[in-house]
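J.: Start from the sequences and build out the full structure, keeping to the hints where you can.
Chain by chain, the residues run as shown.
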Amino acid sequence: MSRSIWQTLGIKRTRDQKDIRRAYARKLKETNPEDDPDGFKVLRAAYEQALAGVDDDTPSFAMVIPSRKDEVDPVDTVPVDEPAAPAQPAEPDPRQIHADLQSQLEAVLRKPNPDPDSVLAAYNVVIASPAMAMVDIHAATEDWLAWLIASRSPKSDVLIRPAIDRFHWGGRSLRQQNDRDIQQILARQRDIAFLDETRRHPSEHSGAYRVLTAPPKPITLTRRLFSPTQPSHIKAFLDTLRWSHPTAIVDMNSDAVTQWDGFLDRPHLGGWGLWVTLLSPLSLLGLLLSQVFLPEEWRALSILLGLPPVFAAAALVNLYGFEMPRRFWQMSHVYGAPAWMRYGWGLAILAVLAVAALPASPALAVIVGILSLLVAVWVRTTGRADTSTGELWQIRSLLGETYLVGFAVIAAFTMPLMSTIQMSLAVLAAVVVSLYGSRPMFDLWLSLQPRWRLASCLMVLGLTVAAAVLFFRITAGFSPANGWANPLWHAQAVALIASLTLLHRPMAPMLGEWSFRLKWYSMMALIWFGLNGGLKSLFIVSGALLLFWIGVSMIVVMVRDLQSKA
Amino acid sequence: MIIGIDLGTTNSAAAVFRDGKAELIPNSLGHNLTPSAVGIDDSGEVLVGLQARERQSTHPHLTATAFKRYMGAKRETRLGDKTFSPEALSALVLASLKRDAEAWLGEKVTEAVITVPAYFNDKQRKATRRAGELAGLKVERLLNEPTAAALAYGIHLLDNESQFLVFDLGGGTFDVSILEIFEGVIEVRASTGDARLGGEDFNDLLVNDMRYRFRDDWKLKSGEEDALREKLRAAAERARRALTHAGEATMDLIWRDKAYNHTVTTESFEALSAPLIERLREPVLRSLRDSQINAASLGEIVLVGGATRMPVVRKAVTRMFGRFPSQTVHPDEAVALGAAVQAGLKARDAALKEVAVTDVCPFSLGVATGERDASGNVRSGLFSPIIERNTTVPVSRVEILSTLQDAQSEIEIEIYQGESRYVSDNVALGKLRVPVPRRPAGEVFIEVRFTYDINGLLEVDVHVPMTGERRQLVIVDEDGPSGADLEKQRKGLEALKVHPRDTDASRALLARANRAYENHLGDVRDHVARLISQFEAVLDSQDPRLVERARGELSAHLDSLEGETWL
Chain S
1 MSRSIWQTLG IKRTRDQKDI RRAYARKLKE TNPEDDPDGF KVLRAAYEQA
51 LAGVDDDTPS FAMVIPSRKD EVDPVDTVPV DEPAAPAQPA EPDPRQIHAD
101 LQSQLEAVLR KPNPDPDSVL AAYNVVIASP AMAMVDIHAA TEDWLAWLIA
151 SRSPKSDVLI RPAIDRFHWG GRSLRQQNDR DIQQILARQR DIAFLDETRR
201 HPSEHSGAYR VLTAPPKPIT LTRRLFSPTQ PSHIKAFLDT LRWSHPTAIV
251 DMNSDAVTQW DGFLDRPHLG GWGLWVTLLS PLSLLGLLLS QVFLPEEWRA
301 LSILLGLPPV FAAAALVNLY GFEMPRRFWQ MSHVYGAPAW MRYGWGLAIL
351 AVLAVAALPA SPALAVIVGI LSLLVAVWVR TTGRADTSTG ELWQIRSLLG
401 ETYLVGFAVI AAFTMPLMST IQMSLAVLAA VVVSLYGSRP MFDLWLSLQP
451 RWRLASCLMV LGLTVAAAVL FFRITAGFSP ANGWANPLWH AQAVALIASL
501 TLLHRPMAPM LGEWSFRLKW YSMMALIWFG LNGGLKSLFI VSGALLLFWI
551 GVSMIVVMVR DLQSKA
Chain D
1 MIIGIDLGTT NSAAAVFRDG KAELIPNSLG HNLTPSAVGI DDSGEVLVGL
51 QARERQSTHP HLTATAFKRY MGAKRETRLG DKTFSPEALS ALVLASLKRD
101 AEAWLGEKVT EAVITVPAYF NDKQRKATRR AGELAGLKVE RLLNEPTAAA
151 LAYGIHLLDN ESQFLVFDLG GGTFDVSILE IFEGVIEVRA STGDARLGGE
201 DFNDLLVNDM RYRFRDDWKL KSGEEDALRE KLRAAAERAR RALTHAGEAT
251 MDLIWRDKAY NHTVTTESFE ALSAPLIERL REPVLRSLRD SQINAASLGE
301 IVLVGGATRM PVVRKAVTRM FGRFPSQTVH PDEAVALGAA VQAGLKARDA
351 ALKEVAVTDV CPFSLGVATG ERDASGNVRS GLFSPIIERN TTVPVSRVEI
401 LSTLQDAQSE IEIEIYQGES RYVSDNVALG KLRVPVPRRP AGEVFIEVRF
451 TYDINGLLEV DVHVPMTGER RQLVIVDEDG PSGADLEKQR KGLEALKVHP
501 RDTDASRALL ARANRAYENH LGDVRDHVAR LISQFEAVLD SQDPRLVERA
551 RGELSAHLDS LEGETWL
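Those protein sequence lines, which keep their order, are chains S and D.
Heads up, the first sequence is in our numbering, so the first residue is 1 and it goes up one at a time.
Heads up, the second sequence is in our numbering, so the first residue is 1 and it goes up one at a time.
These are calculated hints, taken from the structure and not from any lab test.
Where is the CB? At the ideal position from N, CA and C, for every residue including glycine.
Be careful, since some hints might not be right.
[To be verified] Derived lysine-lysine pairs resembling PhoX-like cross-links, with alpha carbons at most 25 Å apart:
1. K491/D to K29/S
2. K29/S to K353/D
3. K41/S to K353/D
4. K491/D to K108/D
5. K346/D to K41/S
6. K29/S to K18/S
7. K155/S to K111/S
8. K497/D to K82/D
9. K353/D to K18/S
10. K41/S to K29/S
11. K138/D to K431/D
12. K497/D to K21/D
13. K138/D to K346/D
14. K29/S to K21/D
15. K82/D to K488/D
16. K217/S to K235/S
[Said to hold, decoys possible] If you want a taste of the chain D side facing chain S, the calculated C-beta under 7 Å gives, among others:
17. F182
18. V284
19. A295
20. R319
21. M320
22. A356
23. T358
24. E399
25. S402
[Claimed, not checked] Quick list of simulated restraints, FRET-style, between CB atoms:
26. G370/D to R210/S: 20 to 26 Å
27. P465/D to L350/S: 32 to 38 Å
28. P465/D to R223/S: 55 to 61 Å
29. S203/S to P465/D: 26 to 32 Å
30. S203/S to N261/D: 31 to 37 Å
31. P435/D to L350/S: 34 to 40 Å
32. E469/D to D38/S: 19 to 25 Å
33. R199/S to K431/D: 41 to 47 Å
34. H168/S to T250/D: 53 to 59 Å
T.: This is the structure:
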């Protein structure tokens, strides 16, 4: 098998095309494609490889554009045995006329701001020249035009449409020579059409198009307040241009593009975030005044005035708690960061779990809450959202989160205020971890040796069993006698289950349909219990179900993984 | 004995390689060409060749022609009370050629090399192969027509190094091939074409032109369409042939006992055919590009195919290359002769010991793929070629593909043929599914191996290195009949009654006379009627010598009436 190509050809290494061809011809008569197709394939491969190394002083294909300099005329280098077509023997050489016409078109395009009509006229003269009837001239002209149009854009834009029609470039057929220029022209044509469409017909991009084609104006606070959606529209438009219409970027005002790129590069409070942040002092003042001046029976309503400050706080937490660290991370550490920075939060979750299992106390509840929040920030900073698996998957994981949040809400109804805050932090952490953490964890998990994959599944399974024991011990303590007497234990159970939910996430993409179904069966069971057994039994059953399907899904993952290996 | 068969759209021919050269096999009428026409006569017997072609304008519902255009498609032609697939019709023509060859060679013929247009796809090739089997021939090779023509031309030039272009414009297909000869090797460098361009399209131009002129006179009732079209087509064909020698020609037509004529001049025909002529250029350019051979270094431009006799085509070729094309090969016979050379190669004829021929795959073969753009959206339906067009065959190529979705459990491989970037514009050949382990996108690789053999048949192998899974697909024609069906069809065709060979000449002449009767009015018509009844009286006598003489006389009379024979 490992015979060299020279052995196959039966000659010494050479760069002489004649020798190679002679050797190939000799061998071919022994190994002909008719009787020995496999032998022929080897011989042919050797022959082609040998030919590729030949010293090529004579270009084998003179039809390609002879020169990329403007001065030299393409057809000069095409050797001709029998010159003029018999039709016009006495007239001046049509090849020469054609060459002159070509240089005229190049001259027009060299001007700084050529008039589109004169470009088109010069082009039409070239196309109409009688020499175009000859295939070699035709081919050379086609290649030359492709190069000219591609390299002189946007001055040559006016020629794109007629040239595509004339040479059937739009026939979308694969070509071997000069494909890149034509691809570029076709791309340019698509981009021009897209911009045209955006300009003529109102669409989601129209506003952004107007802003980006005009000279830049400062992005002031008033502007951000009164056009709250503008930045996101401009971002969408710029992304569309960059991904789908890359040549169209040059048609935008470059200063405006730089200005907006700079603005969009930093995280900002969105339009609505700005509004609530500005309005929240006012509404707090209103809340205060209403306590003084409103009649007693209306005071309850004034609680609505407390909403803007809450929203503003959420927006600020998101901006400074999540967005800013993430940007900082992206600017400096994305590729070089050590593994513990990228995946260490997985172990941190286990640590939170261990802490949560300690004997209950108010201090511990606070610590668990704060740790959960820190883990969430960590994950949000280093992880990435799972966008690659398509929308269906995202919708499914979102439904999973809904279920988790539902569990938390049920728990909150049954607990004192203190625990609610702590538990909300845990749930916030849960949502963040599953949105941003599952993708990197999945990758990490898959990169493990099969036995470590198995081991990690077994570990989660073991923890689940342990958690189940703990959970039932806690809930067994609930009795009519002590009621909901030990809210701290209660909160701890919630934190435990939430953390476990996160821990099984890395393996969840393996489940696909399964995890989705399991979650929904649990949901239906919950609703049934909620209607029949009241809040307490609802809490117990939902926790039990959550633990149950984490366990089942781990078993399914292990079985699948073993199967795909077999 | 292996014979070479050119199964053409308009005419077919057979040839054999013996005594160191290829020879054409004449049919029962002594002609080298047999029209690709099948008819049913009034007694339900099958007619093949000239006798069927002559009846076409008088019995359009009982005659089928140009069925090669529908090879590989599901299309039934109804003749009388029987229906035929394109394969069955081709099989009848092949069987007739086989009988002629057996009569001429004096031995049984069971194997053949059959030519197909280079641009025939996998399905059409399979259908041609089936037609051969239906006719009781083992198809040793399917040979590309331009390659065959080049063999016929190049077999005499083996001592020199040369490069030449074969320009093959037949009745229904257009092929361009560029070949190189060196050291006794005939190498096809590139082969391209247009599967829907040929002499018939030039006929259609004239037909439409005349119909447009008489559009008010010819208000058709339903059912008359076929009859008028066949008459017009025959008139167009005659006019087109006349234009080869004369500056103008007349399309004469009798319709509802009224005479119509329409004059076509060389200039008006040139103007009409400009769009078709324009379509000749693209394949020429493409083959030059693909072969990396410069137009000026081509030794010869070889014209093949009946349609290249047209001055308008010759003129276009002359303009394209700036010189006159070669006249050395007979445009109608070269392909059959080349097929015979290939048959000689196949049979290891001593005269061909030092010759080797390599051909190419004229179209790209590949799979449908998708790609993910930077924003994460998947664009699917893209065509990734695995065997690029004009690769020397036989050939195997491997391409590595990877998954596009996370936890994808299966990869479906759709196989396409064509030159478009998008599979929707290419020809689907088949599909294959292979299970893969669930992993993140891009982490699972599969190897897809395409093997294209010398007959133009494709085999696809898929290997998943991660699991060792293997799948294989020989592209089988899903629409094609199975082995048992094929045998049944073959029996059915054998059961058809075919006219005995010795009466062929008389039948053909009688059919021609009947056509002449329909095509004339008044005195001439009466004269033809008299000739026909005289001839029929002689036929009844069943005296071979008398019949022979009467045939000569009638044929001379008809010649003087119509100016030229059909062939």
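J.: Would the hint on S402/D be counted as holding, given a Cβ-Cβ threshold of 7 Å to chain S?
T.: Where the cut-off is 7 Å and the nearest Cβ of chain S is about 13 Å from S402/D, the hint is violated.
J.: Honestly, do G370/D and R210/S meet the 20 to 26 Å range at C-beta?
T.: Hint violated: Cβ distance 35 Å, outside 20 to 26 Å.
J.: Range first: 26 to 32 Å. Now tell me if the beta carbons of S203/S and P465/D are that far apart.
T.: violated, 47 Å
J.: Verify the interface restraint on M320/D: the C-beta must sit less than 7 Å from at least one C-beta of chain S.
T.: holds, 5 Å
J.: Given the hint of 32 to 38 Å, check if P465/D and L350/S actually sit that far apart at their C-beta atoms.
T.: holds, 36 Å
J.: Within a Cα-Cα threshold of 25 Å, do K138/D and K431/D meet the stated pairing?
T.: violated, 29 Å
J.: Run the distance test for K29/S versus K353/D: straight-line Cα separation, threshold 25 Å.
T.: holds, 8 Å
J.: Grab the minimum C-beta distance from E399/D to chain S and call the hint holds if it beats 7 Å, violated otherwise.
T.: violated, 15 Å
J.: CA of K138/D to CA of K346/D, is that 25 Å or under?
T.: holds, 13 Å
J.: Next pair to validate is K491/D with K108/D; report whether the Cα-Cα distance is within 25 Å.
T.: holds, 19 Å
J.: Check the hint pairing K497/D with K82/D against an upper bound of 25 Å on the C-alpha distance.
T.: It holds: about 12 Å lies between the C-alpha atoms, which stays within 25 Å.
J.: Taking 55 to 61 Å as the hint, is the beta-carbon distance of P465/D and R223/S inside that range?
T.: holds, 57 Å
Of the numbered hints listed earlier, those contradicted by the structure are 1, 11, 12, 24, 25, 26, 29, 30, 34.
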